[in-house]
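Undergrad: The chain contents come next:
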Amino acid sequence: MTTTAAPAHAPGHESGAVHHGPAHLQHHFQTSDQQYDASKLGLWVFLLTEVLFFSALFVAYTTYRSLHPEVFAYAANFLDTNLGAANTMVLLLSSFTVAWAVRNAQLGQRKLLIANLAVTLLCAGTFMGIKYEEYSHKYHEGLLWGGAKHSIFKYNTSYIRPDVKAHSHAWNEGSPFNHEIAPVKNLTAEQRREVSIFFAIYFCLTGLHGIHVLAGMVLLTWLLIRSIRGEFSPQYYTPIDLGALYWHLVDLVWIFLFPLLYLIA
Amino acid sequence: MIPSSNALDRTNYLNCQKGWWSWFWTLDHKRLGLMYLWGVFTMFALGGFFAMMIRVFLMHPETAIWDPAVQLSDQLSKMDLYNRAFTVHGAVMVFLVIIPGIPAALGNFVLPMMLGAKDVAFPRLNRFSFHLWLLGALCFVTTFLVGGLDTGWTFYPTYSTGSAETMAVVFGTLGAFILGFSSIFTGLNFVVTIHKMRAPGMTWFKMPLFLWAIYATAILQILATPVIGISLLLLMVEATLKIGIFTPELGGDPVFFQHLFWFYSHPAVYIMILPAMGVMSELIATFSRKPIFGYKSIAMSSLAIAVISFIVWGHHMFLSGQSTLMSTIFSFLTFAVAIPSAIKVFNWVSTMYKGSISFATPMLYALSIIWLFGVGGLTGLFLSSMGVDIHLHDTYFVVAHFHFVMVGSAIFALIGGVYYWLPKMYGRMPSEKIGRMTWLLNFIGFNLTFLPQFVAGTKGMPRRYFDYDPAFASYNFWSSIGAGFILVGMLLTLFNILGTIRRGRLAPANPWGGVTLEWMTTSPPSEHNFERDPPFAGDPYDVTLVNYKDEQEGFVPAKPLKDDPLIYDYQASLKAGVAHSNLHP
Amino acid sequence: MSDHDKHDELGHGNQPHVLSVGLLAAVLVALLILTGLTVYTGKKDLHGLDLGIAMFIATVKATMVCLIFMHLKWDRRFNGMIFLFAVLLVGLFLAFTTLDLSQYQPLVDEYRRNQVAP
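Chains as they are written, first to last, in my numbering: chain P, 1 to 265; chain B, 1 to 585; chain L, 1 to 118.
Don't read these hints as lab results, they were simulated from the structure.
Please note: incorrect hints may appear among the correct ones.
For lysine-lysine, the following BS3-like pairs were computed, each having C-alpha atoms within a straight-line distance of at most 27 Å [stated by the list, open to error]:
id, chain 1, residue 1, chain 2, residue 2
1, B, Lys196, P, Lys40
2, P, Lys138, L, Lys73
3, P, Lys185, B, Lys242
4, L, Lys43, P, Lys40
5, L, Lys73, P, Lys185
6, B, Lys242, P, Lys165
7, B, Lys206, P, Lys149
8, P, Lys131, B, Lys242
9, B, Lys354, P, Lys40
10, P, Lys131, L, Lys43
11, B, Lys78, B, Lys354
12, P, Lys138, L, Lys44
13, B, Lys206, B, Lys354
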């Protein structure tokens, strides 16, 4: 096994002018298998950190809900279950298309790959659109956490802005989705304070999830551009694989968020 | 005589590329490790400056005593300055020095070489981790510019979310948030590297114990750090948007923040100590010229510490309103975490028994750690007893306890490790004379600083107070004198390291007689670590595998491989036409 | 050295495991049906079992996404185990914290009650 002696290293060049293996193989890995394996493991470890990242909010949810179940049951009536369900369906569809995209990459089906990535991106955009609709509705109604200026859940009614009181359906009539529940103005100060925590947790959870969706959209766009450029092949499609795994995590979080926030009877 | 295994006269990782950009944008784990090391040293100096400020302040109680004759505004501004000093000291030391410390600096440098690899699994992620560290450091420095933080490094609401200066809190927590991600990505990198890039023949139980320690640390970094990330994010949102989760007036619960905070911050202290224990295992084994005693139990105890550290966080909250039930559970579990730590100490001492001990500087640091960690660990047991903690919580007893483990064990291990691997990093030997002097100053200074604080604490002196009862005066006086010794000792250490880099005696590949793979390459190593395959990935503690060779001024393999007769004599082997292969076939 | 390259070309030993569109579509349909089921049961009053049933259905959905969409069924076991481990750790965090807060909540409630009616 004699190879020529490695030449003295010129500054700026990697040692070993011989480039071994396919173009995508990085110099510190011995085989493509090892590189792919390491990348996969790396991403699963990252997903583990994401689970832990969301954990504190799920702990907050569990704790406050178990301590005040009736508060959560009341507050959930202000959320639109249909929009939440629509969002769930949209994300599930996007998970399907991105998983299909991985298959396309594995088989070298470039056009389908681009189409599936585009549809996934579209679904993500739809999700954010629905989310925006929900958030803006809440803002107009004053359905925000107690510390927000526009909120109708302040402990002291004199802190609640008169124009918000006047125009908020939630303050005057209660939930447009459930006519049996009391309007917010009929709640005691203590109850308003507790309901405000539901909305704090709601915005934190959906907000953090939304940030992850946006990050996913950036990632998908990058993958789409690279696919259009033809950078993926059956020999090398690791970024698609890893990007799809991240997107599935985003979907997984929402699968739990939806019943926890929207379906509290 | 120049050892032929010294590579300063030829191309190595230090001179292969020149210019600041080649360092800032490098992918080489060794260069990143060095930059982390110097960054950590700089931040240590910053945190140390504030420590000296605290000790100077506390040395002269007569200037701080609540005196009706002195202007109230004067008193308050002194108190204010003091609060900012201990907050910055704590935050900088915890987030910028000790948590990154050994894993990022020594770990990055040594880990791939110990595994027989060319680099970590994700070099670009590694570089990104370093840049995040820089960004986090910048954020912290910015807090000074916006007036400084005075919440304590623990950022408890509702003070940090209410009356404290919001901008300072936001920058401080943002800095810690960014540093958290630096830590997470480093841990991720190390886990994947250890899983997927071990040299052929290196099974899990043939790995050096430093790597077991780094692995356990990486697990903690990956699992715990995201929780502080979200906690600080929530704190930021609370301070700026008043979201209410931690504020009672808005329906929230401040103790909930403490649960979130300590869920990370307790494993964080094990992130600080586990790598130090890893360094200890290497130092004690090498300088006793003996295989480490109880390899498997040390390896397993690293994992055990990592696991148990997740279920003891409530012992920081005994006096915070935590329920009696949970306090009892946490107290009991905290006793359990002392057991694997004690196993390690017993194993280190047993390693030395009938060994051939050499008192080089790294070994002096390692030996003193046995005392310092012993004291630190045992005093932790006092604090984990719920009843005793009622008396000792928030006193100087706690301060002394955590300084013994964080400084006396972690920082001493960092310095010992730096002395140990300095010949590999820069190809030059540190001065033994100055090294021993630094050790003596640091050791005496450290004990003088913190032993009196145990006594002051049991007598009731509270921590984080700028003022104290005159009965505590002598303890504070001697404590501050000790701090002066540490100052001189640390400055001398820096002087020694800088002097070594400039004109230290040239080092061979293996000056100390270690058997782990990083000693099987030149000092300093070439850019991709091994110019030829590492000779063996056998037992990392079998000292019969290396022999001392006079003309090398160091150790060489006792049985070099068949096609590698002049194993370190690169030039001679080139002339002899001996084949060179890359690490990979 | 050159024979290694030939093996490496595919990067997955021999052939990567490819999922059929049929399987993916079947999972999607199942997920959509389960979502509908969750909404339906959510609207009914199930006397305390609401959360349990909703979480059970969510777990089934999550398992399908993990095993099939995320390919864990055919992947190295270790990757799935670390994910499971993360979930268990979160469960532990949840349990301890909720237990603690529920233990001292009566004190807080009593304080609040005394506050409201001076």
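Undergrad: A separate judgement is required for each hint: does it hold in the structure or not?
TA: Structure-based check of each hint:
no.: 1; hint: Lys196/B with Lys40/P; result: holds, 11 Å
no.: 2; hint: Lys138/P with Lys73/L; result: violated, 41 Å
no.: 3; hint: Lys185/P with Lys242/B; result: holds, 22 Å
no.: 4; hint: Lys43/L with Lys40/P; result: violated, 40 Å
no.: 5; hint: Lys73/L with Lys185/P; result: violated, 52 Å
no.: 6; hint: Lys242/B with Lys165/P; result: holds, 20 Å
no.: 7; hint: Lys206/B with Lys149/P; result: violated, 61 Å
no.: 8; hint: Lys131/P with Lys242/B; result: holds, 22 Å
no.: 9; hint: Lys354/B with Lys40/P; result: violated, 47 Å
no.: 10; hint: Lys131/P with Lys43/L; result: holds, 22 Å
no.: 11; hint: Lys78/B with Lys354/B; result: violated, 56 Å
no.: 12; hint: Lys138/P with Lys44/L; result: holds, 25 Å
no.: 13; hint: Lys206/B with Lys354/B; result: holds, 23 Å
The structure fails hints 2, 4, 5, 7, 9, 11 (numbered hints given earlier, in ascending order).
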